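2 protein chains.
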Amino acid sequence: MLVMAGLGLYDERDVTLKTLDFAKKVDKIYAEFYTAILTGTSMEKIENTLQKPITVLDREKVEYETNKLIEEAVDKDIMFLTAGDPMVATTHVDIAVEARKKGIEVVIINAPSIYSAIGITGLQLYKFGKTTSVVFPEPNYFPETPYDVIKDNLKLGYHTLCLLDIQADKERFMTANEGLDALLKIEEKRNENVISGETYAAVVARAGSIKPGLYYGKIKDLINYDFGTPLHCVIIPGKLHFMEEDALKYLFENI
Amino acid sequence: MLVMAGLGLYDERDVTLKTLDFAKKVDKIYAEFYTAILTGTSMEKIENTLQKPITVLDREKVEYETNKLIEEAVDKDIMFLTAGDPMVATTHVDIAVEARKKGIEVVIINAPSIYSAIGITGLQLYKFGKTTSVVFPEPNYFPETPYDVIKDNLKLGYHTLCLLDIQADKERFMTANEGLDALLKIEEKRNENVISGETYAAVVARAGSIKPGLYYGKIKDLINYDFGTPLHCVIIPGKLHFMEEDALKYLFENI
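Residue numbers (the numbering used here), protein chains in the order written: chain A, 285 to 539; chain B, 285 to 539.
Since the hints were made in silico from the structure, they are not lab data.
Any given hint might turn out to be false.
[What the hints assert, rightly or not] Listed below are several chain B residues computed to face chain A (Cβ distance under 8 Å; list not exhaustive):
1. 319
2. 374
3. 375
4. 377
5. 380
6. 385
7. 388
8. 392
9. 408
10. 409
11. 411
12. 413
13. 492
14. 531
[What the hints assert, rightly or not] Distance condition first, Cα-Cα at most 25 Å in a straight line; then the derived DSS-like pairs of lysine-lysine:
15. A:523 x B:495
16. B:439 x B:523
17. B:411 x A:439
[What the hints assert, rightly or not] Residues from chain B that keep clear of chain A, each with C-beta distances beyond 12 Å, as calculated:
18. 290
19. 344
20. 397
21. 421
22. 462
Remember, predicted model here, so these are calculated numbers, not experimental data.
The beta-carbon is built from N, C-alpha and C at its ideal position, and this holds for glycine as well.
Take the sequences, apply the hints, and build the full model.
As C-alpha cells, then:
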C-alpha cells in the first residue's frame with residue numbers, strides 16, 4: 285500500500301489525525317520538501333509528532349528513483365509525506381498513477397493547502413480563476429504565463445492566485461516583493477496595460493500559521509514592504525463584491 | 285478571542301492537531317453544519333475527539349444571531365467549527381470581519397477543503413478556472429450561472445469544479461446525477477452547445493474518505509450511475525494534459 289499524505293502548510297500541528305493513524309500503521313515513512321516546505325517547524329518536530337523516523341528524499345530521488353518507492357509499496361505499507369495537500373504537485377500525481385498501474389493500493393490523505401487556505405483573505409474562493417506560478421527569472425528563461433493568466437482572469441472579473449517559486453534545495457523562496465517585481469517586468473516587455481504600480485494586490489505571508497500576514501495595497505507601495513519570513517503568495521483581485529472589500533479593509537493590513 | 289476552525293471533509297479523523305490544541309484551551313465550542321456536513325461521522329464522535337461538548341447552531345442562529353457569538357468572544361475564548369476550511373462560506377467570512385470590526389482577535393485554523401481535495405483526481409489544480417455551484421431547481425429559481433461559468437472556462441481550456449447544493453437542514457444533498465441533469469436542462473434552454481450527453485465529466489464522491497469514489501465518462505452514461513452516498517461533486521474537464529489523461533485512466537473508475 286502507498287499512503288500519500290499531506291502535512292499541511294506551516295508547522296507540525298497542521299497534520300490531521302488520519303495521517304497520524306496511518307503513520308502508526310505503515311512500515312516506513314518517506315517525505316520530500318523540495319516542491320513545498322513547512323517553514324514553522326523542523327524535521328525533528330515532525331518525526332516526534334508522527335513518532336517514527338522519516339527518510340527525506342531529494343528531487344533526484346523522487347523524480348528518478350520513483351520506481352524504488354513504488355516497488356517497496358508492493359509488499360510493504362509505505363507512507364509518502366509532502367507539504368500541503370499531497371496531490372497538488374504533478375510529481376506526486378505521477379507517483380500515484382504509476383503505483384496504481386502496478387496494482388498497488390493508493391490511499392490519499394488530504395491536508396490544508398494554499399488553494400483553500402487563501403480563504404483566510406475573505407476573498408471568495410469560487411471567484412478565483414486559473415492559478416499561476418511566478419518563477420525566478422533566469423537569463424534565458426522568463427516565462428510570461430502569469431501575465432496571460434492574470435489578463436484572462438481580469439477580463440472575466442476573477443481573482444488570480446500567484447504562487448511564488450520555491451527552490452527549497454537552494455533555500456531560495458521567492459518573496460512577494462520579487463514576485464511583484466517580476467510581474468511589472470513582464471508588463472514592461474508586453475506593454476498591454478494589465479498591471480502597473482497603481483494596481484492593487486494582496487499578499488499572504490505564512491499561510492497556515494496562527495498569525496498569517498495579510499497585506500493589501502498598490503503594487504508600488506507593496507513592492508518595498510517587508511512581509512517577514514516566507515512563504516509568501518500574491519493575489520491580483522478581480523471584481524470585488526462589497527463583502528470582499530470589507531474583508532480587505534478589516535482583515536488586512538492596508539499599505 | 286474567536287477561533288474559526290475547519291473539521292475537514294469526511295470524518296472526525298480529518299481534524300488537525302492545531303484544532304485539537306485550541307479546542308482544549310477555549311471556553312466554549314460552537315459548530316454549524318448547514319453550509320457543509322461531514323457524512324462519515326457523528327456529533328458524538330466529533331465531541332469525543334475534541335473532548336468537549338459542542339453546541340450546534342442552525343442557519344437562523346448563525347445568520348441572525350451572529351452578534352451573540354461575537355459578543356461572547358469579547359471576553360471569552362470561543363471556537364466556531366465548520367466542515368471543510370473555515371473561510372469558504374460567505375457567512376463565515378462575515379463573522380470573522382464583524383469580530384475584527386469589534387477589535388476581537390480572530391484565529392483561523394485551516395483544514396482540508398474540497399477546493400484542494402479535488403487534487404485526488406490527478407487533474408491539475410492550477411488548471412481549474414472559476415468554481416460554480418449547481419442548486420436544486422425551484423419553480424421560480426433555476427439559475428443558469430453554472431452554464432456560463434463552464435462556457436467561459438472551456439473557452440480558455442480550464443476545468444470547472446461544480447459544487448452541488450447542500451440543504452443540510454432538510455437532509456437533502458444534490459447527487460451528481462441530479463447535478464448533471466440540471467446542467468443538461470440548462471443546455472436545453474440555452475442551446476449554445478456547451479455540454480451534451482456526449483460531454484465527458486468526472487464525479488468525485490465522498491472526498492476526504494479513505495476510499496473516495498472517482499468516476500469518469502460521458503454524461504449520458506454517468507447520469508444513471510449509482511455513485512453511492514453523498515457528498516458528490518462534478519468536474520467538467522477542460523483541455524487535458526497527457527498526464528491528466530493517464531490519471532483519468534488509472535485513478536478513476538471509467539464508465
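Quiz item: For which of the previously enumerated hints does the structure constitute a violation, in increasing order of number?
Solution: Numbers 1, 3, 7, 15, 18, 20 - these are the hints that the structure violates, sorted from lowest upward.
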